[in-house]
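Let the hints inform the model, and build the full structure from the sequences given.
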Amino acid sequence: MTHWYMLTVVGADRPGIVAALAAALYRGGCNLGEASMVRLGGNFTVMLMVESPGSADAVQRLVQTAADGFALRVHVDPIEARLHAHTEPNVQVAVHGADRAGIVAEVTQALADAGFHILDLNSDVGGTRERPIYVMLLEGHVAGGAAVLEPALAPLRSTGIEVRVSPIDTLVG
Amino acid sequence: MAVLPVLVYPDPRLRRVSAPVTTFDAGLRRLVADLEDTRLASPGAVGIAAPQVGELKRIVIVDVSGRAGIAHHGHLVLVNPEILAREGEARGREGCLSVPDYVGKVARAARIRLRARDVHGGSREFDAEGYEARALQHELDHLDGLLFLDRIISPRRDLHRREPEPGPVGKNSK
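Protein chains in written order, with the numbering used here: chain W, 16 to 188; chain G, 510 to 683.
Simulated from the structure, these hints should not be mistaken for laboratory data.
Hints are supplied without guarantee of correctness; some may be wrong.
Each computed SDA-like pair below joins lysine to any residue, with the alpha-carbon atoms no more than 20 Å apart [to be verified]:
(1) G:K614 with W:A109
(2) G:K614 with W:T102
(3) G:K566 with G:D610
(4) G:K614 with W:T185
Being a predicted model, the structure only gives us computed values, none of them experimental.
Structure, rendered in structure tokens:
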């Protein structure tokens with residue numbers, strides 16, 4: 016009997032973090048599932064599905080030495096999870112504008128009100144230190160598709176946020 | 510006519526290069542009919558290639574006519590198809606009957622020129638663009654043992670990467 020855990024890891028980015036964590040988990044008899052690992056503001060962040068016959072504490076102990084070596088903060092949570100449970104997005108929303116507080120809150124509230132289910136979000140701050148720009152790319156699912164979101168997002172454009180909604184049509188062949 | 514079992518990655522037959530068709534007979538037409546039955550039995554499939562059912566022959570079917578508002582040539586059965594020229598680049602999400610439960614973003618030529626034979630051996634050349642061109646490139650890849658997995662680009666890199674300058678029409682190296 017195995018259990019799924021979500022391993023989250025955060026720390027100053029250095030080469031070798033993934034290899035050290037993966038080796039420790041592999042040696043400890045774990046199997047890895049879906050993962051998102053990305054560098055954010057100079058930190059390396061990991062969200063990793065880990066399947067193990069042991070407890071959350073046991074998984075934590077497996078990675079602790081590697082984590083200590085890289086000064087990483089590690090957290091292990093038991094999760095209800097299964098593979099092969101993807102939901103296909105049908106709409107992409109691209110957002111950009113001069114960076115300011117509130118863009119994510121305003122856009123995602125309008126999307127939530129319209130019934131949009133966010134499946135993937137990544138965002139970045141670009142531009143220059145003096146004139147930063149905010150760029151956010153979302154993929155999700157909404158019944159009725161892109162046309163449903165247009166009227167929901169239109170009011171945001173008057174606040175200086177550029178929003179582009181496009182259908183995602185997945186080709187299957 | 511029959512719905513054939515679809516090979517699933519990592520079946521090694523999906524990595525083999527298919528052979529040109531040399532005989533345009535009733536056997537070829539039977540295989541095409543079975544391929545079409547198999548495609549139609551697979552929800553949402555806009556194309557299929559013969560190697561996906563273990564027939565290592567250069568045959569594909571593409572039909573994107575169910576998509577609203579796009580340019581297309583209707584139901585295409587292409588034997589020994591070749592891409593003569595490619596132009597532009599477009600990115601889109603692809604999945605595959607032979608790669609269940611996974612989709613990814615793939616860069617393809619935006620426009621292509623093709624030459625192919627029909628089931629009777631007659632030759633034709635035509636241009637395809639957009640979604641139809643993507644479907645054709647996806648299926649033709651199968652004939653060379655390639656899957657969309659070989660061409661995945663990451664969404665994050667996609668966000669930052671600049672669009673390439675429009676280039677001249679390229680010639681296929683084959």
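The hints, checked one at a time:
no., hint, in the structure
1, G:K614 with W:A109, "16 Å, holds"
2, G:K614 with W:T102, "16 Å, holds"
3, G:K566 with G:D610, "26 Å, violated"
4, G:K614 with W:T185, "9 Å, holds"
When each numbered hint is compared with the structure, a violation occurs for hint 3 only.
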